[in-house]
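Novice: What follows is the residue order along each chain.
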Amino acid sequence: MAANLLEVRNLGTTFRFGQAEVQALHEVSFEARTGRVLGIVGESGSGKSLTARAIMRMLPETASVSNGEVLFESGNLLDLPEARMRSIRGSKIAMVFQDPQAALNPVKTVGWQIEEALVVHGMNKSRARARAIELLGQVGIPEPDKRIDDFPHQFSGGMRQRVVIAIAIANSAKLIIADEPTTALDVTIQAQVLRLLVDLKSRLDIGVILITHDMGVVAEICDDIVVMYGGRVVERGAVAGVFAAPQHPYTRNLLRSMPRIEGVRTARLPTIPGSTPDLSRLPSGCAFHPRCQFAEDICLREVPVLLPMAGSPEREAACHVARQNAGLPPDPDPTPSSEPLAGVRTSGSAPAILEIEDLSVTFPGGGGWLRREKPIVAVDGVSLSLRPGETLGLVGESGCGKTSLSRTIVGLNRPSSGYIRVAGEDVTDFGAEAAAHVRRTVQYVFQDPYASLNPRLSIRQILSEALEQRGLPGRQREAAARALMDMVGLDAAYLDRYPKAFSGGQRQRIGIARALAVEPRVLICDEPVSALDVSIQAQVINILADLRDRLGLGILFIAHDLSVVRHLSDRVAVMYLGRIVEIGPASDVYEHPLHPYTAVLLSSTPKPVPDPSAMQRKLVLGGDMPSPRNPPSGCRFRTRCPIGPLADPSRRICIEKDPLLVGPGEHKSACHFPDEAAGLAVQSKA
Amino acid sequence: YGQGAPQPGGTLRLAQGADAQPKNILAGRAGNNTWRHQVFDALTVLDSETGQPRPVLATEWESSEDGRTFVVRIRNDARFHTGRPLTAEDVVFTLEQVMVPENASQMAPLVRAYTSIEATGTHEVTITSDTPVAPRVFDVFQLAVILDMDTFSGLADGSQVVGTGPFKWVDWVPGASLRLERNDDYWAPDQVLLDGVEISIITDSTAMANAMRGRVDMVLAMTPRDAIMFRGNPGVELIEGPGAQIFPLGLNVTAPPFDKRELRQAIGYAIDRQRIIDQVFNGVGNASCLWWRSNEPGTTEEMVTHYHYDPERARELIAAAGAEGAQVDLTVIGLAPVPAIYEIVQNNLREVGLNPMGQVVETAAFDQGQTAGDLGPAFQQIHGLQGFSAATLVDALPALRDTNPSKFTPERYRELKDALQSAQGDAYAPALVELGQFMLDEAFSHILLHTPPLHAKVQQFQGFTFNNVGFLHLAGAHLNG
Amino acid sequence: MFGFLARRLPSVVFMLLATSVIAFLLPRLAGGDPAQTIAGADATAEQVAAIRVELGLDQPVYAQYGRWLGDLLVGDLGTSLITSRPVGQLIMARLGSTLELAIAATVLMVVLGIGLGILAGSIRKGAGRAGLDGAVSVLLATPPHVTGLILILVLGITFNLLPISGEVSVLRDPLVGISLLIMPALALALPQAAMIARLIQARMYQVRQEEFVDLAIAKGVPPRRIVLSHILRNSMGTAVVATGIRVGELLAGAVVIEAIFARNGLGLMAVDAVSSRDYQVVQIVVLGAVVIAVLVHLLSEILLAALDPRIRLQ
Amino acid sequence: MTATNPTETHAGGRRRLMGEGLGRYIAALGQPKGLIGSGLLVLLVLAAVFAPILFPGGVDQQSRDSFLLPSLLHPFGTDELGRDIFVRCVYALQVSISLVIVAVPIAAVLGTLMGLSGAISGLLGEAFQRVFDIILGFPSLVLGICIVIVIGPGWLALATTIVVFSLPQFGRLARGALLSEQGREYVLAARVLGVSRPKIMIRHILPNALDPIFVQVSLSMIGGIFIEAALSIVGLGIQPPTPSLGTLLNVGIRYVYAQPMYTAGPIIMLLLLALAFNLIADALNAQVLKTRGE
Ligand SMILES: Nc1ncnc2c1ncn2[C@@H]1O[C@H](COP(=O)(O)OP(=O)(O)OP(=O)(O)O)[C@@H](O)[C@H]1O
Ligand SMILES: Nc1ncnc2c1ncn2[C@@H]1O[C@H](COP(=O)(O)OP(=O)(O)OP(=O)(O)O)[C@@H](O)[C@H]1O
Ligand SMILES: [Mg+2]
Ligand SMILES: [Mg+2]
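For the protein sequence lines, the chains are A, B, C and D, in the order given.
For what it's worth, our numbering labels the leading residue of the first sequence as -1, then goes sequentially.
For what it's worth, our numbering labels the leading residue of the second sequence as 380, then goes sequentially.
For what it's worth, our numbering labels the leading residue of the third sequence as 7, then goes sequentially.
For what it's worth, our numbering labels the leading residue of the fourth sequence as 4, then goes sequentially.
Among the clues, some could well be false.
Quick look at which bits of chain D chain B covers, simulated, 3 or more residues with Cβ under 8 Å [stated by the list, open to error]:
# : stretch
1 : 59 to 70
2 : 80 to 92
3 : 172 to 185
4 : 217 to 231
Result set (SDA-like, lysine to any residue): computed pairs, CA atoms no more than 20 Å apart in a straight line [as the list claims (entries may be wrong)]:
# : chain 1 : residue 1 : chain 2 : residue 2
5 : A       : 616       : A       : 59
6 : A       : 605       : A       : 266
7 : A       : 372       : C       : 131
8 : C       : 131       : A       : 59
9 : D       : 202       : A       : 372
What the hints contain is simulated information worked out from the structure, not anything from laboratory work.
Every residue gets a Cβ at the ideal spot worked out from N, C-alpha and C, and that includes glycine.
With the rest of the complex left out, here is chain A (with noise of 0.2 Å):
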């Protein structure tokens, strides 16, 4: 085993806010290793961050490390002057930040960017650049002696984040910190830079501290990991112990609640209830307690301690349970993979209540009275249909129109050609009949549960406006809003509550019940989980799923995480770049793609499995998806494409000619080379 490269040691930090002090980390303590990966997970809020930025010496102005160390080349970082700090910074120890369209400063080269960490570091001008090129290199820019000169804004949010890893392996670094460094990345550019950073870790023998609340990125590059709770380690260890046997309640649940993209697809999620908790309004003893089913009294009374396990002294945990069991129970409920998903619900020849037709959605281009951009063509001929009773999910990547798509169906967006019929009616042209039909027949859930409540408004208020546009007189309304709240899972007390008092999930949940006051037959979810903890996600999920099956909804859902789709998807439609690549049914999309572009979306999506060499056989796009203003010409996917002309120039029918969407049966795709297709899907897995 590797030498400590870190220790943290009983790390703590409080936030001022005035007069008061809130205590954010408490007793944080692990180690990161040369070499050796380390995940740092949690959920939003637990604290990852801070760590981090503990370590740096990088906190926010309100916050102050209150006790404990970080040990580094034999001294302790906290304890060190700031100049001499500066000089371990981007030089020993250097940082990865989560959004790349925001870590590099718009107004300077990223030649000048990488060369400024060379520089402050004591390099020379031109040696600095001439290392920069090489480095632009290393991180897998091409033509680097040409793009060093360009400024941030010329380069695509993936080659950004290569740009900052750039930087940060400048002065060869001993240890890489990544806060969240493929959060803001679609799954395909997140398995690029994933790998990069996989690749640099062991080229330059170096140690990674990754900061995710993915457990699919830490089971699929993490050598150890740290899960946090409310501002403390719960759990650490090596990847594959903890994940195997997790000693938390957290952690088990918390892999437990994924949905996943492999094996069995189950009827519900396992969930955790509550929520995450507020940092300065942690429960008493173990902050977990109110969400666990273990909680026994000492849990509401005392703070557990981070101990080895017994048998497994490498594996820490900081649960009474675990430790007065010398393991956890095993758990209550029925095991979630026991009960398989219990068929496709619909008749297949119940008629289509949303029908799509060769819609095209444009933006106009904008720009000035003498110079007009070319428009947006965010939708280009999608065909899609839609039963009472059925999911069809819509993934693809971000940009690709489904957002546009799907408010053209409600009338948010004008399309600019093709038909939408909503049962069996034809309403492409909006008008005020039309807009009353589609409004009564289809609802929208949006994706982000803090900007979809007016926060001025009560939960009554908000329900009852939407209980009025069904025509319900003012005084069945309260009968009804209570009906929907209990339809998801809410306690009608909490109506007289405003948006705030409410978390994401709840919010969330709100949303829904709004979308379902005018008893729609179909919902469109425009992402709806996407915002969430997965904890939180696994609770609005099953909602759906509930509500879809009572009410006999059709659901269209909408999402860039596969393994949220295919959870809950009778058929999948792929979208790329305004097309509809592939659709068909759910499982033989997800087990026989007939598409490349579907075939790397599954493979890049990380799954909750460890598995070392999983990273080496991923399918791996190069580049971006290309401009919606200036499709590629023939297949759009061809510029991207690991079978098409940059993997084989012979294949120029891809480059003149558009393939059309066909296939056998029900299962369809675009691609001129389906059974290669196919092929690529089996060789990523295998």
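Dock chains B, C and D with the ligands against chain A, hints included.
Specialist: Chains B, C and D with the ligands in isolation, oriented as in the chain A frame:
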């Protein structure tokens, strides 16, 4: 100091508040007083001490027995700045221009009354009239400086300002400055001692006074308030010049409430003139209720102080007119210091039980109303021209002329004016007294006070004169007193 | 850069045209017939009519506008009906005074504004910060004329340090000229400088929150360099645009400041011209003020484009 | 609150919708800053309104005592006509306050409507934006001069100037709020539900647009007060002898040597007014930040 012979040289720096108006050179305008007699020559000017005409371009003049024919002979060695010699034709031209309404000369009524103006020789002009020409003709001569007929059109925009005077008009930045240069060809070369004159136009009175601190040699027509700062300053001399301003309060006699004479008279008694002098003019000024200088022949102390502050009397008269609480709509010219005077007037009128409602009107609009003789029931004006003879003033002052805004036009008024204007010698004084008594009694235009202009100058600046209307003469002036 | 201009130009041209229409209409809206003004009170109807024809006032309004605009474009600013002098000449005569004031004030505004802004944006703690914030807030709320009067009361009257009114060209007598220029220029500059300072300060705080500043810290960049290369560099755009926007207000402030400090500049000329109904002059001054404001604004945007690669390359 | 009687609580909810909005502003004025600001403002307004009762001598009580130094009897001393400068300053408040109290709300309502008009017709909204651009192109005093030329100097011209000058400030704010609110998901949700445009406007957009507008009202009042002063100082505003803070300054500055209080007095009043409105704006702003940053 100043005992040796004055040395030539140096540029005189003046500051004045109003801009030059070459277009209105024939009219009495404050902005022209400083330079009119430097660029132009008059035929004669009235001496400020004696009030008697002094020859300038005129060499001699004579009146016929009945005074109706007047012959003036002019110099033959005067040249315009263009080099052209002055002739009688130029004099005739100038007098004709006086009559042109656009030129706005206050002397226009006098000149229009002449039956003929003719050049009776290359250097002789003969004027005939139905009434005696002299002595009022000297008022005309003083204001009607002799213009160059060739370049007359250039006066309109100041592009060409040509006279026969001791200084040439060189450069004018409207609203900012005016520069004059010595005229080496002046007919009296020894009179031109200064190299040039620079006039700064400083509209802000305090700034003007400040300029006295080393930036200018003389400030003309400063406000008494600003003059205070020079009291007791040995380097600066304060002069009360001739050419006072008068402030008429006019009343429209044709419409209620001022169709009642008692009420009009009451106004005269209601106003505290001394307080106006003290508070608005810092004590500079005199409380005469006459429209002309108090040293005009025949003027008595009773006439000067006819209306004095007597609120009791005013109230009685108001009661007699049955006008208690009457509203007095006053139109006030928006030209300092008239609005300030109005504030005291308003206060005084309120004290005697009237209800004054004043409206301050911009100068341009007020002038229009004044020209049209339409300023409403009551109005506060500001007039200059003090120093001209009463006979001239009664037709020259807008407040008094036949088309006055008081609409005061009884036969007897014209008759008394005519009698004054044709009175010769000793007949003048009684005629003036009779007219004055009549005007005071009718109370259609109350003069509130006379204020002399206050000038400040540095000690070294000597040798200049003012004529009796208050225009500056720099012939003979020098900077080394 | 061309693209940027092409995008901005139409709105600038629109703005200028709209202003010219307003300026053109001003004398007409004010009532009063210019022909009557020229002809004088005693003129006959025929005289007035003849002048109308001469001035082109008998033509339809749009034709008059076209002619007026055409004349403007070739540099003929018209003739003052009151002084009978070409407006161009009148303006040239006063330009120097206002130019001195405007230049002094702009320099002060930029120096003080950016200086204060950087200071306020850099000092983040303690009494200095509170003091600066307070000072900026007070200056911000106090317009030039009030600032000017307070300066007069304090520097002129109480301490008798500076002359309170009048003017002398700096070129003629630098010492007196500058002593007379200090207070009016300060009065004009201070409120606008405070505005700029506040914007820069806010922008600097905002930039400080950006992740790239964190990245720079994580790179080990020393604080001074962070402020200069990262925070300031990204705040300059705001400074430039703020300055561009404020110049117009600054110039307009000259109207009152010139009156208060008795400077014979364009502002005072405009006020006098309004009083004497010399609308031909007002018209041009109004148009000029707006044209300058719009052009300076455009200039600042061009500068901004030069500073910000994202705009530059679009 | 326990919901026992459905209809009653529902009505209660609706009342709160209004009450909550106003209550927030009133609460803001209860904060220390707001309290001082509104207290000061009330004091000044009361003084102006009751000036005839407080100073029965009236605004024009003259005496022979010119330029008395400040004393207990005459806090700001006397002017050239022996009038009490303090009394005149208090009377002058009437003009300033009446101007902004009439003009700013008009501008606020008009401007807000113009700004929100984009919700009804995109073209109309654009057109008003262009109008605002033009107005904003005019520096405030230049605008004032133009309006004085057309209307003639006086209260009306000043009020018009303040309205025109403030219009774009409100219009821009309202439009900004409209544009940002229009894209908000809760507005989209209401649209998807079929809630009518006017209802969306009133229920969702307006309440959120109102916060910055209330703050701006205070700030525009300061602007208006200073515009009066500026135009009156150069003689294009209120015409003497009506005392306004500007006209007092117009005369006062001429006597600055003889009576500095003649200039300082009106300035003190101006600054007090500005301070009051500034504190109120600050307090409202804090309130806005508080509800925004939930
Ligand atoms: N500047 C700040 N001021 C006050 N509280 C803060 C600040 N930054 C973070 N916090 C609080 O500290 C806690 C931990 O924050 P931290 O950013 O470390 O969470 P995290 O685990 O990184 O979450 P996420 O996944 O959302 O990034 C949170 O409850 C947050 O509210
Ligand atoms: N109102 C709009 N005006 C102009 N372009 C738009 C507009 N809305 C979306 N677009 C563009 O249309 C394309 C598709 O956007 P859309 O929001 O539909 O993507 P998406 O698949 O929902 O992405 P995400 O996963 O990020 O939500 C993008 O390039 C986007 O920039
Ligand atoms: Mg974080
Ligand atoms: Mg989307």
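Novice: Take the hints in turn and mark each one as holding or not.
Specialist: Right, here's what the structure says about each hint:
no.: 1; hint: 59 to 70; verdict: holds (count 4)
no.: 2; hint: 80 to 92; verdict: holds (count 3)
no.: 3; hint: 172 to 185; verdict: violated (count 0)
no.: 4; hint: 217 to 231; verdict: violated (count 0)
no.: 5; hint: 616(A) to 59(A); verdict: 42 Å, violated
no.: 6; hint: 605(A) to 266(A); verdict: 19 Å, holds
no.: 7; hint: 372(A) to 131(C); verdict: 49 Å, violated
no.: 8; hint: 131(C) to 59(A); verdict: 11 Å, holds
no.: 9; hint: 202(D) to 372(A); verdict: 36 Å, violated
The structure shown violates the earlier hints numbered 3, 4, 5, 7 and 9.
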